[in-house]
Amino acid sequence: MVLDQLFAKTVAANFFTDLSEYAQGGGDILHVSNIFTNTLSSNGQTTEGAAVDLQNPATTDVTLTIATHRYVAMQIGDLTLRQIGAGLPGINRLYTQRTGSVLADDLEDSILGLWSGLTTNSIGDTATVLSDAEVRQSIEKLATANFDLRECGWFLHPYTFWVQLSSVAKYYDMSQAGGNGSFVREGNFGPMDATRGLQGHLYGIPLYVTSNVVTNQLTNRNLLAHKSALGFAVQTPGGSKVRIQSQVAIDYLSNVVVADIIYGVVELRDAAGVVVNSASAFIGS
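According to numbering that gives the first Met the number 0, the sequence shown is numbered sequentially starting from 0.
Derived by calculation from the structure, the hints in this document are not laboratory data. Bear in mind the structure is a predicted one, so any value in this text is a computation, not a measurement. Be aware that one or more of the hints could be misleading.
[Claimed, not checked] Listed next, the in silico BS3-like pairs over lysine-lysine satisfying Cα-Cα at most 30 angstroms (straight line):
#1 Lys140 - Lys240
#2 Lys226 - Lys240
#3 Lys169 - Lys226
#4 Lys140 - Lys169
Given the sequences, and given the hints that come with them, work out the whole structure.
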């Protein structure tokens, strides 16, 4: 029996702005213009034929540097391959899947690690669990800034979701939430999709639960973010996020497998994200 190792769903890389297509021609720095840096006003013409009042749209040059090259290399002896894999033709696939998942997880960690640069919006604290009031306060931050909530997503640590939010009666009590079935699948959280790490919907916003959410100073740094808040670019040769190479090493009587990924991550729009803090350990009453 071979136990396939479990990895957190790579939900962030499937959600936030992917700039990889602009990195395929080479180069190490991508320049991304942020045009949402000042407010344009609507003017009225008081005198017919008078010149219009001109405004100067400001832009900020956001740079994404591609400087991270990570790899996983393994050497599997022929004895091991023969004895473990003799009755399991997919043993090479399992090893390949494992190495690729480690690197995909590395990219995921880097994207969610950008929480520390989001300074405009912060809700909650270390000493308390996440409450429904704080959930709604987080949504209000983005709604007031006119972000399309249909293009936003929750990224919660499993402890925050299963221990804290799951204890809020408003979410699991159908007499309060309405609908039928459990809150995770059919109630206030809407349908789930395990294939892409979607746990459901919270107030109509897709909710992803992943252990890649950063725990820092006894606090889970959960996020509510618009897809334009964070960005990344993958420049791995071959066009895939992760490249897998292998060869038979006759002089070592083994098979060598190397997986690698080249990428960079960056915060694109500070106001487009909310750091939703919650305690990372049990708090007694």
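Here's how the hints hold up against the structure:
The straight-line distance between the Cα atoms of Lys140 and Lys240 is roughly 33 angstroms, outside the 30 angstroms bound, and the hint therefore fails. For the given pair, Lys226 sits about 19 angstroms from Lys240 by alpha-carbon distance, which is consistent with the 30 angstroms threshold. Among the hinted pairs, Lys169 with Lys226 is consistent with the structure: their alpha-carbon atoms are about 27 angstroms apart, no more than 30 angstroms. A distance of roughly 21 angstroms separates the Cα atoms of Lys140 and Lys169; the hinted pair therefore holds under the 30 angstroms criterion.
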